[in-house]
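Knowing the structure of chain A, use the given hints to seat chain B on it.
Respectively, the protein sequence lines represent chains A and B.
The numbering used here numbers the first residue of the first sequence as 491 and each following residue consecutively.
The numbering used here numbers the first residue of the second sequence as 1058 and each following residue consecutively.
Hints in this document: simulated from the structure, not taken from any laboratory.
The beta carbon of each residue, even a glycine, is placed where N, CA and C say it ideally should be.
It is possible that part of the hints are untrue.
[As the list claims (entries may be wrong)] In silico DSS-like links for lysine-lysine, alpha-carbon gap of 30 Å or less:
1. B:LYS1451 x B:LYS1513
2. B:LYS1213 x B:LYS1183
3. A:LYS580 x B:LYS1373
4. B:LYS1451 x A:LYS557
5. B:LYS1373 x A:LYS591
[What the hints assert, rightly or not] Sample of chain A residues lacking proximity to chain B, with all beta carbon distances greater than 12 Å (derived):
6. LYS533
7. ILE631
8. ALA664
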Amino acid sequence: MTAPLDAPESAQQADPEAIARGARNVASRSLTQIAWQRLRRDKIAMIAGLIVLLLILAAVFAPLLVKWFGYPPTEFNQAPIDPATGGVYKDPDNPFAGIDKTGGISWDHLLGLEPKTGRDLFSRILYGAQISLLVAFLSTILCVFIGTVLGIIAGYVGGWVDTVISRAMDIFLAFPLLLFAIALVGVIPDSAFGLTGNGLRVGLIVFIIGFFNWPYVGRIVRGQTLTLKEREFVEAARSLGASNRHILFRELLPNLLTPILVYATLLIPTNILFEAALSFLGVGISPPTPTWGRMLSEALPYYTTSPHFVIIPGVAIFITVLAFNLFGDGLRDAFDPRSSD
Amino acid sequence: MNKRGLGSVAVATATVLLLGACGSVEEGSDVEDTYNFATEQVVNPSDATGGTLRFGYSDQIESTDPGNTYYGYNWNFTRFYARALMTYAPDVGTAGTAAVPDLAVDLPVPSDDGLSWTVKIHPGLKYEDGTEIVAEDIKYAVARSNYGEELLNGPKYFQELLADSDSYAGPYAGGDPLAGFGGIETPDDHTLVFKLKRPFADFPYILTEPQSAPVPVDTEEGKGELYQTRVLSSGPYKFAEDYQPGSGLHLVRNDQWDPATDPIRKALPDEITVEEELDPNEIDQRLMTGALDVDLGGNGLSPAAKGAAISDGQIKPRLDNPSTGAVRYAAINTQVEPLDDVACRQAIMFAADHDSLRRAWGGEIGGEIPTQFLPPTLAGHDATIDFYPSEDDKGDADLALEKLQECGEPDGFSTNIAVRSDRPAEVEAAQALQQSLERVGISTEIKEYPSSPFTKSYAGSPEYANSNDIGLTFYGWIPDWPTGYGVLYPLLYGGDNIRAQSNSNLSQLDDPDINRLLERSTETTDPDEQAAIYANVDRLVMENAAIVPAVFEKSVLYRPENLTNVYFHSGYAMYDFMALGTTNK
Chain A
491 MTAPLDAPES AQQADPEAIA RGARNVASRS LTQIAWQRLR RDKIAMIAGL IVLLLILAAV
551 FAPLLVKWFG YPPTEFNQAP IDPATGGVYK DPDNPFAGID KTGGISWDHL LGLEPKTGRD
611 LFSRILYGAQ ISLLVAFLST ILCVFIGTVL GIIAGYVGGW VDTVISRAMD IFLAFPLLLF
671 AIALVGVIPD SAFGLTGNGL RVGLIVFIIG FFNWPYVGRI VRGQTLTLKE REFVEAARSL
731 GASNRHILFR ELLPNLLTPI LVYATLLIPT NILFEAALSF LGVGISPPTP TWGRMLSEAL
791 PYYTTSPHFV IIPGVAIFIT VLAFNLFGDG LRDAFDPRSS D
Chain B
1058 MNKRGLGSVA VATATVLLLG ACGSVEEGSD VEDTYNFATE QVVNPSDATG GTLRFGYSDQ
1118 IESTDPGNTY YGYNWNFTRF YARALMTYAP DVGTAGTAAV PDLAVDLPVP SDDGLSWTVK
1178 IHPGLKYEDG TEIVAEDIKY AVARSNYGEE LLNGPKYFQE LLADSDSYAG PYAGGDPLAG
1238 FGGIETPDDH TLVFKLKRPF ADFPYILTEP QSAPVPVDTE EGKGELYQTR VLSSGPYKFA
1298 EDYQPGSGLH LVRNDQWDPA TDPIRKALPD EITVEEELDP NEIDQRLMTG ALDVDLGGNG
1358 LSPAAKGAAI SDGQIKPRLD NPSTGAVRYA AINTQVEPLD DVACRQAIMF AADHDSLRRA
1418 WGGEIGGEIP TQFLPPTLAG HDATIDFYPS EDDKGDADLA LEKLQECGEP DGFSTNIAVR
1478 SDRPAEVEAA QALQQSLERV GISTEIKEYP SSPFTKSYAG SPEYANSNDI GLTFYGWIPD
1538 WPTGYGVLYP LLYGGDNIRA QSNSNLSQLD DPDINRLLER STETTDPDEQ AAIYANVDRL
1598 VMENAAIVPA VFEKSVLYRP ENLTNVYFHS GYAMYDFMAL GTTNK
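Chain A with its partners taken away, still in its complex shape:
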């Protein structure tokens, strides 16, 4: 450790006038504005945010992009495929020319062909993004909703209510979620709750992730509520005769939004990975609907002849998770009053 006496050079040489100006500026800015300014200066977070935005746009406009740059995601194209190895021929008219190790990446097929079926990988990755993001966002919303409501009640009401909810959180956290999900998705009937097929499966995965991950949000919200409820503005509201409901949702909730938002952003990549894991294990969405996790598991037998099929969905998951994580980290730093400006 260096000696604490070594103060940063910049601080020593700071221009007093500038500090004064800064102080004035800070006084006139809201917390959100400060956070936004901090975020804008965080290049990594901004790039990550941009990627997140692009991913969302790509998923939303997948049908359009596929129409322009790809082929329908379930359309077979087996003429250029070697049946034995599943790889893509270098030259479809001359099988002896061997296998194209890049998997047929070209202007026609931007990310190459899927082994064996010859489906267009670019389209499948885009449509896979739809499933990944849909499941991740919906399950995050569900978990944030349950976690916030129960966390805020536990923190504010306290007493036996707090005890019951907190113990429930412990129980939920101890649940072997992945095993439970595999078992449940494996045995669900074909139609239930007015949903059928993949609609039901998406719904079920969202429910499992959301319903069993809420305690993570719940704990944070409860902790924040415990500190906030002793603050003056809550006291003031109470002394003015505000109802519990008013205090909970008008006084406390707005002050909780920031940590919730930050945590939700960090929860999304976890949920993307969870959905990918389920699909990888074969208990996610049914084929031919593409999902990244399933693509990855289908790719493993072909890693020698068609390495692109392992790499591309792997990279897609990697970029998405990394982007959400970095963006979430940036957001947290920006909102954190203790972080240096």
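Chain B alone, transformed into the frame defined by chain A:
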């Protein structure tokens, strides 16, 4: 041979030479083209004895007890230490599917009414401890493996067929172990008379099951499942030490075995070892490096390895690509709308892209494209059955559309396809079928189910299948014995064969003509008449469009250099373990 025939041979030779030149075999290498040789001849014939034959398996052995096993590999392997009444002929090609005597002196003789079969066994044969093998021991072996709740792995054909035993609770129920078991009579120590409830022409095949290998009641002592710890040997090898499941099996020579009475087993190696619970990829690797001699499972290279191996010029000559006898197919449910109309089913038959379906199993090396249901290894296979031809096997959309018109669904219809989620080839085939049906407006949704309850509660439950609109079900079948009956009866006989659970007649076909023909096939023992019946049933099934055959499956087996006497045995659909020797000391 006429001139034309000679001409095509010459062309074929030229093509082979050309292909050889273009292939990846390096110039100047002396790799001999022995690809697929073990399906046509014995490779490395040798009578040299000695050495250790090393088996490897990806799982635990199902059970070393010949009375408690159902897997083909184990029916093949238990012959090292258990002689059944009958076994398969040790021959290359389809000759290997014939049932021949093992402990029996001769083929079993049926009575005129077909209701009893008499078998005589060789006198003077001994177990490893020197005691004589007697008929009563075989009766006990059949009793313990078929009745009662103790040994559950194996099939229960004897229980289904034997008369006068319905109230028999099995030898482990207490009291005299054989009291009440009237299905087998033993008039003397070397004669058995099997009494049946109904005529059953394929009965000699039932006797090839290891369940008819003798087990003396005094040695077994009611051990039941635990008998597998040390099975008393009647074959050329015996357990070297007690077997503990999972820790491997070690066999050494049994000096009480008499080779003169046993034309089936070569018994070349001095010792046999089995390593259990190996990773499948490790087995493939070790076979190729010579650290292992035989894959006990016998299924061949994994899907990933086989494509790569076959395109490697150095490895290819060591590969065999035989038919496994399995037929993979999609059953069309004849009981759901609109598939209860034969024209709608025929529309599916015409629309199916068979090239694409076969690619799910690896294309040409994965199997042959069937136009009928009975695999080519079985008597009754009729190559002329071809009701739904198409160019390059890609399906015929025009004829399919015509059939849709005919069944009153000109715009197509929608139905569901059921598959087992842990069978990648079947899941892929389902998607291929989905694509080809979409071309004619038949839209399908793929339903994945876990493998273990698939036959019991999902696809194999007519109530579930019909109420969930399961129109197509992917399935595979390897008959328990290689006759048309073994394929056609369980999958296509109607009546009480359509069970509420674990139903294997997934088409739920109950056609009076087919039922009558299959009944007739059990009554005649004339092989020609049987073959004619099977071909006839096959024709009716295809006409009825109850089944979309996807592939007559082939496996890719690696044949290590140090193995001698290797040939592919059609009866067990793997190498004949009894013939193998090794140069590895």
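#### Entry: Non-conforming hints, listed in increasing numerical order
Per hint list: single violation, 1.
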